[in-house]
Amino acid sequence: MADMISVVDIHFIIMVFLGSLAGLFVGAIPGLSVSMATALLVSITYTWDTVDALAMIMGVYVVGVFSGAVSAILINIPGAPSSVVTTLDGYPMSKKGQSYKALYTATIYSFAGSFFGLGALWILAGPVSKIAIKFTAMDYFLLALFGLATVGSVSSGNYTKGLISVGAGLILSMIGLDPLVGTKRLTFGIQNLTSGINTVPALVGLFGFAEVLSVIFNINQEQNVLTMEKTRVSLRETLRHWKLSLYTSTLGLLIGALPGAGGPVAAFIAYNEAKRLTKKPEVPFGEGAVEGIVASESSNNACIGGALIPMLTLAVPGDAVTAIILSVFYVHGLKPGPLFITENPSAFHSILAGGFVACFALLILGLLVAPRISRVITIPKNILIPIVTSLCVVGAFACNNRLFDVGLMFAFGTLGFVMRRRGYPVAPLVLALVLGKVMDSNFRRAVSLASSADNKLAAMFGHWITVLLLICTVFVLVNNIPVTRTAIDKMLRKKKEV
Amino acid sequence: MKNKGRINHSVQEGIFFLLVGAALLGYAVTSYGKAFNKDWNQSPYLFPLMVAAAFMFLAVCLIREGAAEWKKTAEGEGKALDRADAHEARNWRGVGVVLILCALYYGALSFVKLPYVTVGIFAFFFTFSTFEVATWIFLIAMMVYMGVRKPMILALVPLGFTLFLSIAFRTMLNVLLP
Chain P
1 MADMISVVDI HFIIMVFLGS LAGLFVGAIP GLSVSMATAL LVSITYTWDT VDALAMIMGV
61 YVVGVFSGAV SAILINIPGA PSSVVTTLDG YPMSKKGQSY KALYTATIYS FAGSFFGLGA
121 LWILAGPVSK IAIKFTAMDY FLLALFGLAT VGSVSSGNYT KGLISVGAGL ILSMIGLDPL
181 VGTKRLTFGI QNLTSGINTV PALVGLFGFA EVLSVIFNIN QEQNVLTMEK TRVSLRETLR
241 HWKLSLYTST LGLLIGALPG AGGPVAAFIA YNEAKRLTKK PEVPFGEGAV EGIVASESSN
301 NACIGGALIP MLTLAVPGDA VTAIILSVFY VHGLKPGPLF ITENPSAFHS ILAGGFVACF
361 ALLILGLLVA PRISRVITIP KNILIPIVTS LCVVGAFACN NRLFDVGLMF AFGTLGFVMR
421 RRGYPVAPLV LALVLGKVMD SNFRRAVSLA SSADNKLAAM FGHWITVLLL ICTVFVLVNN
481 IPVTRTAIDK MLRKKKEV
Chain A
1 MKNKGRINHS VQEGIFFLLV GAALLGYAVT SYGKAFNKDW NQSPYLFPLM VAAAFMFLAV
61 CLIREGAAEW KKTAEGEGKA LDRADAHEAR NWRGVGVVLI LCALYYGALS FVKLPYVTVG
121 IFAFFFTFST FEVATWIFLI AMMVYMGVRK PMILALVPLG FTLFLSIAFR TMLNVLLP
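Chains P and A, in that order, are what the protein sequence lines are. Quick note: the first sequence, position 64, residue 64 per my numbering, numbers continuous. Quick note: the second sequence, position 131, residue 131 per my numbering, numbers continuous.
Simulated from the structure, these hints should not be mistaken for laboratory data.
Derived SDA-like pairs (lysine to any residue); straight-line CA-CA distance at most 25 Å:
hint: 1; chain 1: P; residue 1: K456; chain 2: A; residue 2: L46
hint: 2; chain 1: A; residue 1: K38; chain 2: P; residue 2: G182
hint: 3; chain 1: P; residue 1: K456; chain 2: P; residue 2: S441
hint: 4; chain 1: A; residue 1: K150; chain 2: P; residue 2: F217
hint: 5; chain 1: P; residue 1: K95; chain 2: P; residue 2: R232
hint: 6; chain 1: A; residue 1: K34; chain 2: P; residue 2: R185
hint: 7; chain 1: P; residue 1: K184; chain 2: A; residue 2: K38
hint: 8; chain 1: A; residue 1: K38; chain 2: P; residue 2: A453
hint: 9; chain 1: P; residue 1: K184; chain 2: A; residue 2: L49
hint: 10; chain 1: A; residue 1: K71; chain 2: P; residue 2: R421
To give an idea of the chain P side of the interface with chain A (calculated C-beta under 7 Å), a few residues:
hint: 11; residue: F217
hint: 12; residue: I387
hint: 13; residue: N401
hint: 14; residue: V483
To list a few chain A residues with every Cβ distance to chain P over 12 Å, as calculated:
hint: 15; residue: V119
hint: 16; residue: F122
hint: 17; residue: F125
Glycine included, every Cβ here is placed at the ideal spot set by N, Cα and C.
Kindly generate the complete structure, drawing on both the sequences and the hints.
Next comes the structure, spelled out in structure tokens:
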């Protein structure tokens, strides 16, 4: 606790609040996303002090996830994918003149969810790191593979397409010098590709420019803003859903810790659980039930802490934003992993302190500013989109000062847009791009070490963590790939008949 | 019946991915053949080989799924698909125009070299060059294409935002601009 307080000074608080304010607008404006803002921030904060960079990014992350609810409630368009479920009850409440109550509930339970998730990160990061120290090279490879296998299953309607995104990300991660021997791979004589694909322009393209193209593609969609009437809302009345919030926050934390699952999945599952558990809601679900907002907002904000646990202790990001934060770490020379907390306590405490300060910023901004920004969130897209495009150019260039990266950003943006149109999720590609080199080096290290042992299989898979991870990975893959699942179903049916 | 003639998207994409996987497999094997180190354990082409094999397996799975979907497609869906396609074609054209504008913007940043001009107002100085001019023109072009017609907006927003970018990034944050 003392370590965390030592990080916090007035400069730190201002940085978090600036990030939070940016997160409020970025998250609330449909067409701008938290991932896009974080990706742009990586390049801007490149020359900053690490603590300042982390403070601002945590502000954007925590408040950005919440503020997707603002446009979800006021204009029926979620500002962020994790707020899709909030529209189901938030917008009907607004249509009944209860938009202030809906925003108030969303703010209180987003605060509760974020606080719960960060508290869990604080408590669990140490024990998870202690387990992670026992990991072998093969364990790291399998853990990353397990993460990529699960990301495909939760981020897309079609598992095969999710895995193809993973494969594409792995192929792109191989471009450049190989991590062990330093041999050039897949550069095709292009000198700028020797250092590999820089993650920053790739992320700015996949999340920023792809979003620009998507908005242009769907430019005809109309928005209706409902007027806000400030009504009296009792805090005691709002807080009576604390049990549901605690349960859905726990769900959000667990789902957030799974690589790739993130807020949207957590919010959907939590919403279904809320429907199942709330026998007699005051208003039916889908027609303005407060319980729907409680479940959605608690769970998607609790994901923040959940996603940071594997990112900090195992260097396996839980979602797209933590994948970007991971690249911030690399840019600043930090190496997340089992020894991260002991070797870099100040960075760990900056993240925690930044997160907790951002929770209070969320509360203040959510109660005071969010109800007043309905005009801002409806900035015409024909003005917003050109501005975002030029920001993407600056973001892509600033990291390495190479125009080649701007071209790379446009290429990745186009790829991201085409992938979205064809139903291929982008998040698995990003995670695979970030994890590819780690997987490659750990797998080859494991194979090399085993090659000198008498029993090669035992040397590679003889560890209990390895066996557990292998079983989990094979189970997820076999159970989700439609072709293998159908084959197993057929086999089981035949056995039954016999 | 029209729909029967179309090749399912998943099948097309599956074939494409199969070719990509085969190309990667070929690259890994031929590069390994040319390499001095013939030990697969240490080879930088082991991982590409594994990924290529997995990618090809997934491509085959996608083709099988697409073929199964294709068989199930109802005959009456042909007209609805045509209408949706016409709507999509219009939107794709918009995306294409924006990509062309972005390519021109990128070309201007890459090949046009204007001198750096520093302007000082009292104690405040700011520098402008190719990036500022190209961004200003790009913003106006994008806004005009996207239907902004008010002269005040077209005059103020691109200029104001370009100045903001230049002052905030180049002058205040010391971030290099293209």
